[in-house]
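Engineer: Kindly produce the complete structure, drawing on both the sequences and the hints.
In order, the protein sequences belong to chains A, B and C. So the first sequence is numbered by our numbering: it starts at 1 and just counts up by one. So the second sequence is numbered by our numbering: it starts at 1 and just counts up by one. So the third sequence is numbered by our numbering: it starts at 1 and just counts up by one.
If you're looking for bench data, these hints aren't it; they were derived computationally from the structure. On a predicted model such as this, the values are computed, not experimentally measured, just so you know. Backbone N, C-alpha and C define an ideal beta-carbon position, used for all residues, glycine too. Please note that the accuracy of each hint is not assured.
If you want a taste of the chain C side facing chain B, the calculated C-beta under 10 Å gives, among others [to be verified]:
hint, residue
1, 33
2, 41
3, 90
4, 251
5, 258
6, 338
7, 352
8, 380
Label-pair restraints from in silico Cβ distances [what the hints assert, rightly or not]:
hint, chain 1, residue 1, chain 2, residue 2, range
9, A, 281, C, 266, 50 to 60 Å
10, B, 33, C, 84, 39 to 49 Å
11, C, 49, A, 391, 54 to 64 Å
12, A, 414, C, 322, 53 to 63 Å
13, B, 105, C, 191, 33 to 43 Å
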Amino acid sequence: MSIITRPWSRMTLAGKIILPLLLLFVLLNILIVAGQMTGVLPVLVNGLFQVINDNVDIFRFIGAVTALLLFTVPAAFVIIFMEMKLIAFINLRLGPNRQGPWGVLSSTLHGFKVLAKEDFTPTGADVPVFTLAPVVTYLGAVMTIMVIPFAPGLFGLDMNLGLLYFFAVAGLGVIGLMMGGWSSFNKYSLLGGLRAAAAIISYEIPLTLAVVGVIMLTGTMSLNAIVLRQSGSFIDWFAFQQPLAFIIFFIAATAEGGRTPFDLTEADSEIVAGFATEYSGMRFGFFFFAEYVNLFILSALMVTLFLGGWNAPLDIQPLLDWLHITVNSAIDPGSLGIGLLWIILLVPPLAILAVTLPIWMIKSKWSFLKAFIVGFVIVNVIGGAILAVWAYITFPFVAGLFWFFGKAFTMVALFVIMRGTLPRVRIDELMGFAWKWLIPAALLNLFVTAGALLVLQAR
Amino acid sequence: MLAGPVTARHDTTEIRVTPEHLTDVMTALHDQPELRFLILSDLAGVDTGTVMQVVYHLWSDATPDWLRVICGDLLRDDPRIPSVTFLWNGAEWAEREAYDMFGIIFEGNRDLRRIYMSPDYQSFPLRKDFLLPDDSSRSPGMGIRHMEQAAPPAETRSAPTLRRGTGAATIAPGDAPTTATLPAAIGPEASA
Amino acid sequence: MTADPTLVRSLDDPDLMVQTPATIYDAIPPYPPRTEREAEFYAMGDGEMLINIGPQHPSTHGVLRVVLKIDGERVVDLDPVLGYLHRGVEKICENGDWHHAISNCDPLEYIASMFSEAMPVLVAEKLLDLEVPRRAEYIRVLAWELNRIASHMLFIGWLALDLGGLTPILYGFIERDEIVEMLAALTGQRLLFNYLRIGGVNGDLNHEFLSRLGDWMSHALKRADDESKLLNSNEIFVHRTRGLGVIDRDMARRTCLTGPPLRATGIPYDVRRAHPYSVYPELEFDIPTREEGDSYARYLLHLDEIKQSIHIIDQVLGKMPDGPVMAKVPRLLRVPPGRAYIAIESPRGQYSCFGMSDGSDQPFRLRIHDPSYFNLQAVGLLMPGHLIADTMAIMASLDPIMGGIDK
Numbered sequence: 001m002s003i004i005t006r007p008w009s010r011m012t013l014a015g016k017i018i019l020p021l022l023l024l025f026v027l028l029n030i031l032i033v034a035g036q037m038t039g040v041l042p043v044l045v046n047g048l049f050q051v052i053n054d055n056v057d058i059f060r061f062i063g064a065v066t067a068l069l070l071f072t073v074p075a076a077f078v079i080i081f082m083e084m085k086l087i088a089f090i091n092l093r094l095g096p097n098r099q100g101p102w103g104v105l106s107s108t109l110h111g112f113k114v115l116a117k118e119d120f121t122p123t124g125a126d127v128p129v130f131t132l133a134p135v136v137t138y139l140g141a142v143m144t145i146m147v148i149p150f151a152p153g154l155f156g157l158d159m160n161l162g163l164l165y166f167f168a169v170a171g172l173g174v175i176g177l178m179m180g181g182w183s184s185f186n187k188y189s190l191l192g193g194l195r196a197a198a199a200i201i202s203y204e205i206p207l208t209l210a211v212v213g214v215i216m217l218t219g220t221m222s223l224n225a226i227v228l229r230q231s232g233s234f235i236d237w238f239a240f241q242q243p244l245a246f247i248i249f250f251i252a253a254t255a256e257g258g259r260t261p262f263d264l265t266e267a268d269s270e271i272v273a274g275f276a277t278e279y280s281g282m283r284f285g286f287f288f289f290a291e292y293v294n295l296f297i298l299s300a301l302m303v304t305l306f307l308g309g310w311n312a313p314l315d316i317q318p319l320l321d322w323l324h325i326t327v328n329s330a331i332d333p334g335s336l337g338i339g340l341l342w343i344i345l346l347v348p349p350l351a352i353l354a355v356t357l358p359i360w361m362i363k364s365k366w367s368f369l370k371a372f373i374v375g376f377v378i379v380n381v382i383g384g385a386i387l388a389v390w391a392y393i394t395f396p397f398v399a400g401l402f403w404f405f406g407k408a409f410t411m412v413a414l415f416v417i418m419r420g421t422l423p424r425v426r427i428d429e430l431m432g433f434a435w436k437w438l439i440p441a442a443l444l445n446l447f448v449t450a451g452a453l454l455v456l457q458a459r
Numbered sequence: 001m002l003a004g005p006v007t008a009r010h011d012t013t014e015i016r017v018t019p020e021h022l023t024d025v026m027t028a029l030h031d032q033p034e035l036r037f038l039i040l041s042d043l044a045g046v047d048t049g050t051v052m053q054v055v056y057h058l059w060s061d062a063t064p065d066w067l068r069v070i071c072g073d074l075l076r077d078d079p080r081i082p083s084v085t086f087l088w089n090g091a092e093w094a095e096r097e098a099y100d101m102f103g104i105i106f107e108g109n110r111d112l113r114r115i116y117m118s119p120d121y122q123s124f125p126l127r128k129d130f131l132l133p134d135d136s137s138r139s140p141g142m143g144i145r146h147m148e149q150a151a152p153p154a155e156t157r158s159a160p161t162l163r164r165g166t167g168a169a170t171i172a173p174g175d176a177p178t179t180a181t182l183p184a185a186i187g188p189e190a191s192a
Numbered sequence: 001m002t003a004d005p006t007l008v009r010s011l012d013d014p015d016l017m018v019q020t021p022a023t024i025y026d027a028i029p030p031y032p033p034r035t036e037r038e039a040e041f042y043a044m045g046d047g048e049m050l051i052n053i054g055p056q057h058p059s060t061h062g063v064l065r066v067v068l069k070i071d072g073e074r075v076v077d078l079d080p081v082l083g084y085l086h087r088g089v090e091k092i093c094e095n096g097d098w099h100h101a102i103s104n105c106d107p108l109e110y111i112a113s114m115f116s117e118a119m120p121v122l123v124a125e126k127l128l129d130l131e132v133p134r135r136a137e138y139i140r141v142l143a144w145e146l147n148r149i150a151s152h153m154l155f156i157g158w159l160a161l162d163l164g165g166l167t168p169i170l171y172g173f174i175e176r177d178e179i180v181e182m183l184a185a186l187t188g189q190r191l192l193f194n195y196l197r198i199g200g201v202n203g204d205l206n207h208e209f210l211s212r213l214g215d216w217m218s219h220a221l222k223r224a225d226d227e228s229k230l231l232n233s234n235e236i237f238v239h240r241t242r243g244l245g246v247i248d249r250d251m252a253r254r255t256c257l258t259g260p261p262l263r264a265t266g267i268p269y270d271v272r273r274a275h276p277y278s279v280y281p282e283l284e285f286d287i288p289t290r291e292e293g294d295s296y297a298r299y300l301l302h303l304d305e306i307k308q309s310i311h312i313i314d315q316v317l318g319k320m321p322d323g324p325v326m327a328k329v330p331r332l333l334r335v336p337p338g339r340a341y342i343a344i345e346s347p348r349g350q351y352s353c354f355g356m357s358d359g360s361d362q363p364f365r366l367r368i369h370d371p372s373y374f375n376l377q378a379v380g381l382l383m384p385g386h387l388i389a390d391t392m393a394i395m396a397s398l399d400p401i402m403g404g405i406d407k
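Structural biologist: Quick look at the structure:
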């Protein structure tokens, strides 16, 4: 209460933030009630729904673009933090442990630090190209997320040429790297840019050829259709039907994403930082985020194409049917009626109190506030877990998201573990490996798949 | 061909040669099968205060001793000596170092330029007449003077230049501080 | 400053940094070539360009600058430029007394400074004909071998790091840290020990050192094996180092290589056996050699030497005699005139010193021969024809330490 009774100039920072929000909330309530009473609001809302329903594709697209742009940066933060911690674990170090619990905020704070740094352009640089290069790379990375199906019904755009679109847009990234390498007026950057161009263009061929087998099996390039084709248990995944293609795709994706052991584009022990040598501040940040977004996207694509996308690895429904067990835990919240309101209002405080009081009694040295905070956290964690399980059972897209992100981050972790373990290959070995081994292997896979299809169709 | 008596102390045998005979002596030591001094352990320039020397240390699996070859009595103003890089190309940098620090010119070294000091440096720091300006010097009473003379290589200069920042006096091209004895080694600007 | 614009100015001239247009980024120096070799190097062929590796570069092991002349990714020629860490240690030693020289020589080989600080000590002892107590000799050998292992552990890590492997260097540092902490308990310092004295060592073995040493010895061999497992069977590592930077015996001898690069060619030249010093004749150990002479052989040789050093430490602890650790040496040490030459086997090769005394309390001349200085010359012969990525692997396998190279 003291927040409100104080004059504005003597308020704490929290008060200065909370009070306007409170006023805004009251104002909104008044407006809504007034709108309801005068009958203006239902008309407005209905009209809005009408517009959305008439142009659902456009709104879906705008929503998807916004969501994906907002999604990439947190995803990159999560991956960077994961990489720091995992490599620290491999190196027998602690890793980041100061910013937030277990250092979880460190990558986010790195992002803010990059924003605050000086944006430096070297003498002799080609300024427009130098400025555009990170943008091109970043957009090339972000735009590909559009076609990836995260869960049933949760995707930006279901193109029937989704795979083609993916490779076309992903190829844009290398143009940004070359632009950055060329325009920096630095020989390390130049070498890095050329290495990037050579490596990525070479590895796009086996990457694409490996996918052709999958396209032949499904007969479509739509990623949604490819995922639906893999529903069932994990035997239906293309990683088990096309193992060679999966391995080729994994290796080529490592090179495509510029990850160890193929990270020649920014080999720090040879050409300092490659194309990013002269970049600083947020321009460097764009390159940096693009790399990690790219890593996530490649993992996501690998999951989509070869690891069943959002399908669960084991379909337990036949087993349950065989055992005559019916899981009927899907509660329809609508059926509870006014009871739902009571549950929401009463259960959390009571639960918190029920946890807090025993803690307060047992830990006699703790103040009530401390016990309350601990109880609050415990109840929230347990409640969140219960809610998550309930959502998993009730909504298919939650289950899909769980499996999709679980698989995608496992693949990311695999890339990170490779970075912690392996040294770097040389540029001639890199190119030789692509042209002498991967492309013939991909072609072999193609012929075997085609032959098998012919035989199967002829029978 | 030896220029002095062969002496031995501790585990080292010492011979002295003159620059004219250095090539022959070293070739013989390296090539003759009963000597087999195949490993050049060290190459050091020495300024005795009056003359310059180059000291070689060789090792052979035929004898447990080190062999020290002192090639001595080089003129301080123009120390010249044949290079041994035709036997050990690894001596190249050692000779460059001796040139950089003492100004000893090794004839036959393909790349005799300064290795530690900058290309525009003109003094030879390890000579005995190069005194350190700080209080660890042998003669603190002389005060602080600027012995380090940095300027472009002589052939690139048309006029004397003053190096900014050090406060060094103007020097004429080719006027290297090569005075003979210690007391007179105060430097050109001090004697002026 | 003269206003003549045609004048070639000093490299230190601040105007160069302010006014000159972008051509100052050219690696070609702004003065005429001084030797034919320099003229040949800076004459550019078709499609060639110069690139500076260093002095600030992630993988030159210090402030070494190498000007590479490259054609695409292939190295055509190179010109190492030294002197960024030059501090004139020999001159400073001539201006302090013999005791000062110990701490002045300390930072020369900063990875294993127990070896470089031995230089003035051993020379002065030889000139003085000083009998060092046997316990002191054993303690020296113990400290040397521990330091050798610490240095070799870093070598393995650096080689892997320059090939792009992140992890081995941290494993190497774990081992090195234990040894360094151990030596810190003995000497009081972690990096520059300043432990040896003319006539002995500064302080006897203490309880903390011995308990740490015992802990470490119980798992040292196992750790060395673990360390090697990560790389020995790594396909990429072996493929990149085997057959890379091959040195043959004649070339090694002519280039005055010592230490692991020489022994990797098959020449068993180790000063500990070739010209024994201290108590090494009483100890039993092998001189591991390899025949191939490539980077991989050098790497394996370091692993073997770590095991031999552990073996030596084992024997030293068993044979450690009682007695004083310091001979009677006056504070103001007037060393009799004469010349003396000593050599010891450091982790990087033969570390030797030629000392002259004129009878005063200061060294008349203290010439320090650093093995990395001579080993580094081999890069000029090994690198041309290889790719840029391999230059780092070759340089790391020769293990240069710029503190000693630049003196």
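Engineer: Find the hints from earlier in the document that the structure breaks and name them by number, from lowest to highest.
Structural biologist: none
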